[in-house]
Amino acid sequence: VGFGKTELALRAAFKAAMSGKQVALLAPTTVLAQQHFHVFTERLRNFPVTIEMLSRFVDEETQARTIEGIKAGQVDIVVGTHRLLQRDVRFKRLGLLIIDEEHRFGVMQKERLKKLRTQLDVLSLSATPIPRTLHMAIGGIRDMSVIQTPPEERQPIKTYVTADDDELVKEAITRELQRGGQVYFVHNRVRTIEKAADRVRELVPKARVIVGHGQMPEDQLAHVMVDFESAKHDVLVCSTIIESGLDIPNVNTIIVEDADRFGLAQLYQLRGRVGRSGRRAYAYFLYNPRRSLTETADKRLDVISGLHELGQGFKIALRDLEIRGAGNLLGTEQHGAIAAVGFEMYLQMLQSAVGKLRSGADETVVADVLSTEEMNLDLPLDHFIPSSYIRDEKLRLAAYRQLAATDVEEELDAVLRSLKDRYGPAPAQLDNLAYSLRVKVRGQKLGLRGVVSDGHDIAIRVDPERYLDVEELSRRMAGRISILPNRIKMRRQAESWKDDLLSLLGEMAELYETGRKVPAAAHEKI
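So for the sequence shown, this note's numbering puts the first residue at -2; every next one is plus one.
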C-alpha cells in the first residue's frame, strides 16, 4: 500500500494511449474512480490524450457521450467502476485493461472485459491479492511483479490492536488535530453511523466532523469527499468506502471500530489509507471487549498487530492464503485434474506444463505431462520424523517440505546432512524416510508406476511402453527376481532386501533403453 501502483498504472496507460490503443482502468468504488480520474487528468493535461470517467458520479447525458466516444475510438483512456462492465460499453481498439484493487472484483467481472478482445494486455494492481490470484501467480499461470522499494521519506505505520475505549479514541484524535492533521474514523454500519459521529463530537468537541458512506446520493458523497480532501473538516466518520486506494496525505490517523469483523486484506487496506506522506502515521484497530473473538478473527488481528515494516502486503497475502486456503482455479468444485490427483500433485503438473508451453513445447508434450502418474510407493518401513528428534512442529513440517521437494539424490543427501548437523544423528525412522525417498527418486527416473510391498515380495510395476532386457536383468540378479506381465517381483529376504532393491533399480537403469518401444512379442515377458 502506498508504494506507487497508481504511478505504474498511469505510465502504462500513457504508453498504450500514445501507441494508438484504448485503455480501460477499472476501480471498485466511485470515490477511487474519481480520484484516479483527477490524477490522470492533471498529470496528462499537456499531452494529446482524451480521458473520460464512467461512474454514478457522472450524469446520464455525459455518460452517453462518453460511451459513444469509446465506440468511435475518440476516448483514449476511460476510468470507471463496474459501469465499464455493462454490455453497452464497447471499445473500438482496447489494448490495455488495468484493474485496480484487483482483490475487490469477482472472477466473472474480470473475465467479462478480457473477453472483449483476444489480444488484450491486463495489468492487475493489488497490495493484497486474493488467495486464488496469488495461487495462480505462484503456480506460473500469471506473471507477478512485486514493488519492494517504498517512496523516499515514507515511515512505517504505528499499529495498535486494542479494546475499544473512549479515552483512547479521544487521545488519538486530539493528538492528530494538534499537529494539523486529519482523521478517518471507520464505522461500517450505515444505520448507526450518525451515532458514531455523535460519539466523536462528544469526545472531541473542537473537531469538525463529517459523515460519508456509500448509500449517500452521488452528489452529496462527492461533496463530502472533496470538502474533506480540502481540509474543511477534521474527522471523516465513514464506512469502508475509503478502503480502496484513497490518497489524502494529510490524514495520518485511522481508527477502526469492530476490527474483528473485517477480513485480513480489508484491515491492511484500511491501515494503508494513512502514512502516505513523510509524517508518522497511526492505526488503531478496536474490538468490543464484551464480545469474544473467533479463532479466525484473533489470527487476523494478530497478523495485523505484528506489522512493523513498510511493504508487508505480499506477506499479508501469503498469510491470507494460509488462513483461507487457495480457492479453486477451475470453478466452484474440484473437477478434473485436481480431484483426480490431489492438490499438491496438480500444482506440480501445472507448473511443469506451463514451463513447457513457455519454452515452445508441442501440445502433445504438455498433454503427456498432465497425464503423468506419480509413482506409488509402499514399503514395509516406519518412515517419518519423530517429534523427539525435531520438537518444534513448524520446524518438523519445514523439514518434511525440504525432503519432499528433492528430485535428485544429491539434493536429498544435502538435506539429510543439514538435518544431522542441526539436530544430531538421525533416528531409524528418519533413515527409513530417506531410504524411501531415495527409492522414489530412482523409480521416477526410470518411469516406474509403483514399488510396493506384496506379502513377502516387493512388486515393481514397470512402464510397458519402455524396453527392458529382462533376460540380462534376471542373469545379473542371479534368480532373486521373478518376471511377470508389466511387473517384476523381488523376494524380501531378512535385512538384505533394502540393499537388494537399490541394486535392482541400479541394474534396471543400466538395461533400460528409453528410446525403444516394447516389441509386441516382448509384452508377454514383461
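Hints may be right or wrong, so weigh each one.
To be verified - The calculated DMTMM-like cross-link candidates involving lysine to aspartate or glutamate, where the alpha carbons are at most 25 Å apart (straight line), are:
#	residue 1	residue 2
1	K495	E507
2	K12	E65
3	K229	E168
4	K486	D375
5	K296	D389
6	K391	D418
7	K486	E504
8	K203	E164
9	K417	E507
10	K2	E65
11	K486	D497
12	K203	D224
13	K486	E390
14	K296	E99
15	K203	E215
16	K192	D163
17	K495	D404
18	K155	D257
19	K155	D216
20	K442	D460
21	K417	E390
22	K417	E407
23	K155	D118
24	K417	D428
25	K229	D257
26	K486	D418
27	K18	D118
28	K167	E191
29	K296	D257
30	K495	D379
31	K486	D454
32	K192	D257
33	K192	E164
34	K296	D255
35	K391	D404
36	K442	D418
37	K495	D389
38	K442	D404
39	K2	D244
Hints were generated in silico from the structure; no laboratory data involved.
Each hint, compared with the structure:
At roughly 19 Å between alpha-carbon atoms, K495 and E507 fall within 25 Å of each other, so this suggested pair holds. Taking the CA atoms of K12 and E65, the gap is near 23 Å; set against the 25 Å cutoff, the hint holds. About 21 Å separates the Cα atoms of K229 and E168, which keeps this hinted pair within 25 Å; it holds. At roughly 14 Å between alpha-carbon atoms, K486 and D375 fall within 25 Å of each other, so this suggested pair holds.
Restraint check: the Cα-Cα separation between K296 and D389 comes to about 20 Å, which is no more than 25 Å; the hinted pair holds. Pair hint K391 plus D418 holds up; C-alpha atoms about 18 Å apart against a cutoff of 25 Å. Annotation: proposed proximity of K486 to E504 holds, straight-line Cα distance about 14 Å (limit 25 Å). In summary, the hint linking K203 to E164 is supported, as the alpha carbons are separated by about 16 Å, within the 25 Å threshold.
Between K417 and E507 the alpha-carbon distance is near 32 Å, which puts this suggested pair outside the 25 Å criterion. Distance restraint check for K2 and E65: the Cα-Cα separation of roughly 30 Å exceeds the 25 Å cut-off, and the hinted pair is therefore not satisfied. For the proposed pair K486 and D497, the alpha carbon gap of about 12 Å is at most 25 Å, so the pair holds. Straight-line distance between C-alpha atoms of K203 and D224 comes to about 18 Å, which keeps the hinted pair within the 25 Å bound.
For a cut-off of 25 Å, the pair hint linking K486 to E390 is broken: about 38 Å separates their Cα positions. Restraint check for K296 and E99: satisfied, since their Cα atoms lie roughly 24 Å apart, inside the 25 Å limit. For the proposed pair K203 and E215, the alpha carbon gap of about 28 Å is over 25 Å, so the pair is violated. About 14 Å separates the Cα atoms of K192 and D163, which keeps this hinted pair within 25 Å; it holds.
Among the hinted pairs, K495 with D404 is consistent with the structure: their alpha-carbon atoms are about 20 Å apart, no more than 25 Å. Among the hinted pairs, K155 with D257 is consistent with the structure: their alpha-carbon atoms are about 18 Å apart, no more than 25 Å. With a C-alpha separation of about 35 Å, the suggested pairing of K155 with D216 is violated against the 25 Å cut-off. Annotation: proposed proximity of K442 to D460 holds, straight-line Cα distance about 12 Å (limit 25 Å).
Proximity of K417 to E390 is assessed by CA-CA distance (about 17 Å); at most 25 Å being required, the pair is judged to hold. Taking the CA atoms of K417 and E407, the gap is near 15 Å; set against the 25 Å cutoff, the hint holds. Annotation: proposed proximity of K155 to D118 is violated, straight-line Cα distance about 38 Å (limit 25 Å). This hinted pair checks out: K417 and D428 have alpha carbons roughly 11 Å apart, not beyond 25 Å.
With a C-alpha separation of about 31 Å, the suggested pairing of K229 with D257 is violated against the 25 Å cut-off. Proposed proximity of K486 and D418 is contradicted: the alpha carbons are some 38 Å apart, above 25 Å. At most 25 Å may separate the alpha-carbon atoms for a hinted pair to count; K18 and D118 meet this at roughly 11 Å. With a C-alpha separation of about 17 Å, the suggested pair K167 and E191 falls inside the 25 Å cut-off, and the hint holds.
For the hint linking K296 to D257, the alpha-carbon distance of about 10 Å falls within 25 Å, and the restraint holds. With a C-alpha separation of about 13 Å, the suggested pair K495 and D379 falls inside the 25 Å cut-off, and the hint holds. Note on K486 and D454: the hinted pairing holds, with a Cα-Cα distance of about 6 Å set against a maximum of 25 Å. The straight-line distance between the Cα atoms of K192 and D257 is roughly 20 Å, inside the 25 Å bound, and the hint therefore holds.
A threshold of 25 Å between alpha carbons decides the hint, and for K192 with E164 the separation of about 17 Å falls inside it, so the pair holds. Proximity of K296 to D255 is assessed by CA-CA distance (about 15 Å); at most 25 Å being required, the pair is judged to hold. Note on K391 and D404: the hinted pairing holds, with a Cα-Cα distance of about 23 Å set against a maximum of 25 Å. Among the hinted pairs, K442 with D418 is inconsistent with the structure: their alpha-carbon atoms are about 29 Å apart, more than 25 Å.
Among the hinted pairs, K495 with D389 is inconsistent with the structure: their alpha-carbon atoms are about 31 Å apart, more than 25 Å. Distance hint between K442 and D404 is fulfilled; the C-alpha atoms sit about 9 Å from each other, no more than 25 Å. Between the alpha carbons of K2 and D244 the distance comes to roughly 12 Å, so the proposed pair stays at or under 25 Å and holds.
Hint compliance for this structure: hints 9, 10, 13, 15, 19, 23, 25, 26, 36 and 37 are broken, all remaining hints hold.
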